[in-house]
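Trainee: Protein chains in written order, with our numbering: chain A, 1 to 365; chain B, 1 to 365.
Any given hint could be a false lead.
Since the list gives no way to pick one copy over another, a pair counts as held whenever it fits inside one copy or between any two copies.
Keeping only pairs whose Cα atoms sit at most 27 Å apart, straight-line, the calculated BS3-like set for lysine-lysine is [as the list claims (entries may be wrong)]:
no., residue 1, residue 2
1, K287, K201
2, K205, K287
3, K181, K287
4, K38, K83
5, K76, K38
6, K201, K76
7, K302, K287
8, K302, K181
It should be emphasised that the hints constitute simulated quantities derived from the structure, not laboratory data.
Please read all numbers here as calculations on a predicted model, not as lab measurements.
Okay, here's what each chain looks like letter by letter:
Protein chains: 2
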Amino acid sequence: MKNERSRRHFLKTCAATALAGGALAQQSWQPPPRIENKLGVALVGLGYYSTDVLAPALQQTRNCALTGIVTGTAAKERIWSEKYGIPRRNIYNYDNYDRIVDNDEIDIIYVVLPNSMHAEYTIRAARAGKHVICEKPMALSVAECESMIRACRDNGRMLSIGYRMQFEPHTREAMRFGREKVFGEVRYVTASAGFQNGSPKTHWKLQKAYGGGALMDMGVYSIQGARYVIHEEPVSVTAQSFTVDPERFDEVDETVTLQLEFPSQAMANLMTSFRASANILYASAQKGWFSMNPFSGYRGIKLDTIRGPVALSDINQQATQMDEVAWCIVNNEPMRVPGEEGLRDLKIIEATREALRSGRKVAIA
Amino acid sequence: MKNERSRRHFLKTCAATALAGGALAQQSWQPPPRIENKLGVALVGLGYYSTDVLAPALQQTRNCALTGIVTGTAAKERIWSEKYGIPRRNIYNYDNYDRIVDNDEIDIIYVVLPNSMHAEYTIRAARAGKHVICEKPMALSVAECESMIRACRDNGRMLSIGYRMQFEPHTREAMRFGREKVFGEVRYVTASAGFQNGSPKTHWKLQKAYGGGALMDMGVYSIQGARYVIHEEPVSVTAQSFTVDPERFDEVDETVTLQLEFPSQAMANLMTSFRASANILYASAQKGWFSMNPFSGYRGIKLDTIRGPVALSDINQQATQMDEVAWCIVNNEPMRVPGEEGLRDLKIIEATREALRSGRKVAIA
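Modelling step: build the complete structure from the supplied sequences, incorporating the hints.
Mentor: Here you go:
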């Protein structure tokens, strides 16, 4: 009963912006409703994102608690155990990872490993009876994404991809602008997502085997941006690659530009880079424009429109995603960002790779 | 003496922003200094831009006066004559155009004809001993641009291209950001310039013979933007064409995306369109970004930066360009936007056309 009331409240909150119709909403953001008992989350892979972003976010969640870690570095066990009070029994390494099946204090496994390990650790988590949040990009290939989705389905577990932007209020409002044609039909989107990646060649993001490169790491923001603002799936792609530092970027792409065509005849001109910083999305519709700068940061997303800026709450995206995932698990509601969402981006990435290889326009299946 | 003082004042004003060095300037704009006797301007071609923009701008100029017109439409002669007090003797048509050589009340000919007529009417103006302002794009080809520059030089006349943005304070400030590396070296520019051109196929902007198409009409804004913000000349181009309405766009391009590489290894990802509205430039440098939205409008240019917005004067760009051109003519100073500037863009456009034809990266001469 309590849950049912919460659920109605939650769904109402989700729909509130939509109800505003053509007007630009300026309403306060509502967090996902509480669940009775927090779900336990184990972080797999304790690099920068787990250490500096997800673990702090888990201190702000209302529906999740950081109850476990999986790490291959013994030194990190003590540090994390002390800092977050994680009991010895909830600390795993890559050898005994599958024994997590016996641990009732861990409900959700959050895979924060290099891209090449996403598929394996997601599938093993599902087989261990755990729900999964997997970082983006979902995996190296469409085939891997499909295996991950199948493994979760076969084991009755839920899967969400770490597309935190879709939980961010300004981004959701921009998505609404596209979906409800608030400024008319979107005809053009340009989005650029990049940073000056000074990592040495030894870093996994500069290695092909690990699924490195700008397109995989940052390109998904540009691709997601075009998709959620146009609110359609692209049908074709052309792409170009630019390499200024061929010594560091001999295996993976440094800068990629790509053009997507959509069924409504909208088009997107995108860019992603490990050489240039960039963090902007601009959408042009028949009756006006809207833009976000930045559009893919952890905080401080800014939404501007032809009618003036739209200031909404600046929330913790990661905490919100985890809280909503937990709520959906407990209430058996579909994920806002399921595995299928990550799969769609991998289809686009695979077609983009083919477009880069062939120099031709490639249809997206 | 008076002129010399004015000139020093003017050059000082031009340099004032530069003197501010690394700081973001927020100073008041100064118009070009006055000359003793206004120069007479004749508009050639009385379409929308002459009627609604240039003639009103000429009412605001301090150094120019609208003293003549050249039109093929007899009905317009009376209307313009009455509205602007243009005497019968200063009204020409396309048959007696060359007789303008005998008219001392006309110093500058402003060519506002369809693109395919720019070269001929500029060259004939120079031969008639008149200085020329020619609308952008300068002409149909590099060869035409070179003829125009030669004709003006051979006749000792000055030539400026109607790139009004280069006179706009926010644009000039953005140019300074690039030139002085205020945010470090610019590594990436994306610019999109387009409008929803609903003209019928009979309009010259939709016909190849007249030099129509989005790339010629609006693409030059994106190309100029990349060039003046990066402050270099591009060395190569790749380009893609998108056509949604093949009936109207069977001769000229509807939407074009292009990628330019620069000697400093900066790159630009540009878009131009007759289908989608777009009016934004975003530049990313090593230590921050700056952007203009809109960046190519007649009024209301907005400049934003990672350090906050920069609000300068919102001026009449056309009046300012004409006033400065007149001042430069009288003082024999080089044009801010000479014919060579239009020629450079035509080189890029010709390479872009070749890139579209071949599907390959094309070097820019």
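Trainee: Confirm or reject each hint.
Mentor: Now for the hints, and whether the structure bears them out:
1. K287 with K201: between (46 Å within a copy, 23 Å between copies)
2. K205 with K287: Answer is between; shortest inter-copy Cα gap is 22 Å, intra-copy 41 Å.
3. K181 with K287: within (9 Å within a copy, 36 Å between copies)
4. K38 with K83: Answer is within: at 19 Å inside a copy they meet the 27 Å cutoff, but 77 Å across does not.
5. K76 with K38: within (25 Å within a copy, 78 Å between copies)
6. K201 with K76: Classified as within; 24 Å inside a copy, 69 Å across copies.
7. K302 with K287: For K302 and K287, both the intra-copy (21 Å) and inter-copy (19 Å) Cα distances are at most 27 Å.
8. K302 with K181: Both: 20 Å inside a copy, 25 Å across copies.
In summary, this structure violates none of the numbered hints.
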